[in-house]
Amino acid sequence: MRAIAAAAAASLALIVVYLALGGASYAPARVADPCAVRDWRNPQGLQHTVEQIVLSGLDGAACKLHVSREDMVLAFASRDALSRFARQHHVSTQQVDELVRAGLLRSIDDAENAGALNSTIADLLRGFVHRFPIEQLISLLQQLPGV
Amino acid sequence: MRTPAVLLAVAVGVVLADSSVVTIALPDILARYHVEISTLAWVLTAFNLALALSALPAAFLARRRPVPVFGVGILVFSAASLLCGFAPSFGVLVAGRALQGVAGAAVVCAALDLLSQAARTEARAARVWAVAGIVGAALGPAVGGILTQLLGWESIFFVQAPVVLLALVALRGAHAVVVPEPAGRPHVGANAALLLISGGLVAALFLLVILLINGWRLDPLEAGLAVTVMPLAAIAAARFGRTITPLWVRASSGVLLIAGGLAALGWLPHAGAAWTFPPQLAIGAGLGFALSALTERALAGRSAQAVHGGWTIAARHAGVVLGLLVLTPIFTHDLHKSEREVLASGTAAVLDSRIPPLDKIAVARHIAAAVDDAKQQARIPDVSEVVGKHEGSGYADLVSKLQDQLDRAVTQAFSHAFLVAALLCLAALVPILLSRREVSV
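Keeping their order, the protein sequence lines are chains G and W.
Take the first sequence: its position 129, counted from the start at 1, is 128 in numbering that gives the first Met the number 0, and no numbers get skipped.
Take the second sequence: its position 146, counted from the start at 1, is 145 in numbering that gives the first Met the number 0, and no numbers get skipped.
Looking at chain G on its own, in the form it has when it is part of the complex (with noise of 0.2 Å):
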């Protein structure tokens, strides 16, 4: 019977150290909630600024469909990922780009609200985004290493 109790401590001791060590938690990290108000971090120049208005705009979509920010921006990793996205969420493609086309504006008003942006900047983006695809505006912006 000592046997049969040395090895039942043995296991115990074995689990409850791999316990403590955080066993029961490591998993991939959660990712946020798109919803919830994130912080207007100080922008350095006018990437940062259009990273943070796509990032807000992003999540202003993401919230409305239930989804993540990163659900949002893997969807537009290409235009199969776009369809399989819709149909997931029962959505048309269309709805989707006009969901983050209202987020991107939304996110505008408020970045030139806090002064982030002056009104020109602000303008030509909202005409951005009213003119282009969704689709499309990533791509100009992948263009534009130099803004």
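Think of the hints as simulated: they come from the structure by calculation, not from any bench.
Be aware that one or more of the hints could be misleading.
[Claimed, not checked] Now the stretches of chain W that chain G is said to cover, found in silico as 3 or more residues with beta-carbon under 8 Å: (1) 246–257; (2) 271–285; (3) 308–317; (4) 403–416; (5) 427–433.
Here a beta-carbon is modelled for each residue, glycine too, at the ideal position from N, C-alpha and C.
We have chain G; now place chain W onto it with these hints.
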């Protein structure tokens, strides 16, 4: 131990190692034959199922004519091994594996009868036979890994053919011992416990190897060396565990150690082979205690050793098939879930990183494409290949964060399967305790 006994033990070890020896080679086999992952599992299932189904008929045959059954079994097993090594298609490989299982059943069951002559006493024969089986099964992944890395996966089969043929030498002077009385009923408790333990051990002998190679990207050689902790502990435990009596106490202690080790693998606090060593030590020791005690218990006082040995082989390999059937869907489901989680957490790491803002979209797209590519090839994406070519501290930082997320996701994907395997092992306590007073027939 005399030479014939050693040769017979080696043959038993090689045959039973075949249950897990190709685990490390599975990715290479997948690359060679381009089959679905669910189909790939047949390389393991075919052998174990055939062995489980043929063990009893082979045992009854071996009881009457152990010498020809062993001889024919060895020849067919060698031929089947060569067929696997030269298999031109996946179907032929699976057929070869099934044939190995059938012939292996004949070899293992007949070897027990022949060992009784070579080792002089039935009790000693049973002990040698049980230890050979434990060492073979536990060493399988390590030997398979080393051979796959050094000589290619086909070498696993080419090497075992001549090794088992050597055992034919053991037939010199061997003869059939007529056992007139009926074989008697099998020891239900010991065999039921063997079935459940073997089901749980699938996680340690198969899933752990897949985690090391496919999940944490170790070379087959590194993985093979990493999993030697388990057989070493098993050999030591089988040798020194004999002092623990009665048998049901040794078996129960073994079950608790295996279950504890498997649970610890389910709650790994970090990725890395070294974190698997303490659980492997527990599993190996438990394996040495439990399998030796239960096999001895199943054979103790039973005159037809081959038949009762056949029952233990049937139970063990039916357990392996049960483990594959129970654990594979859990593992594949969790792998898909983890894939979605790591894509999201990886994208979050890119968006929050300090790389130039306008590069983030391209990097996130490349990662999504790399994950898709890796999925097609049933492997884990190489983060440094996707992001590492960019220069700058922001990128180096991002690569390490992405790698961490990937390690977490992969490790988590195996967690539930290890925990269920631990429960499967713990369930073996029920038949052990219920049958602890069962008398030998």
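To see whether the hints hold, each was checked on the structure:
Given as covered by chain G, the stretch 246–257 of chain W passes the check, having 7 residues with a CB less than 8 Å from a CB of that chain where 3 are the minimum. Proximity of the stretch 271–285 of chain W to chain G, defined as three or more residues with a beta carbon under 8 Å from a beta carbon of that chain, is established by the 4 residues found. Using a Cβ-Cβ cut-off of 8 Å, 0 residues of the stretch 308–317 of chain W lie near chain G, which falls short of the minimum of three, so the contact claim is violated. By the rule of at least three residues with a Cβ nearer than 8 Å to a Cβ of chain G, the coverage given for the stretch 403–416 of chain W holds, with 5 such residues.
Residues of the stretch 427–433 of chain W with a Cβ under 8 Å from some Cβ of chain G number 0, which does not satisfy the need for three, so the listed coverage is violated.
The structure shown violates the earlier hints numbered 3, 5.
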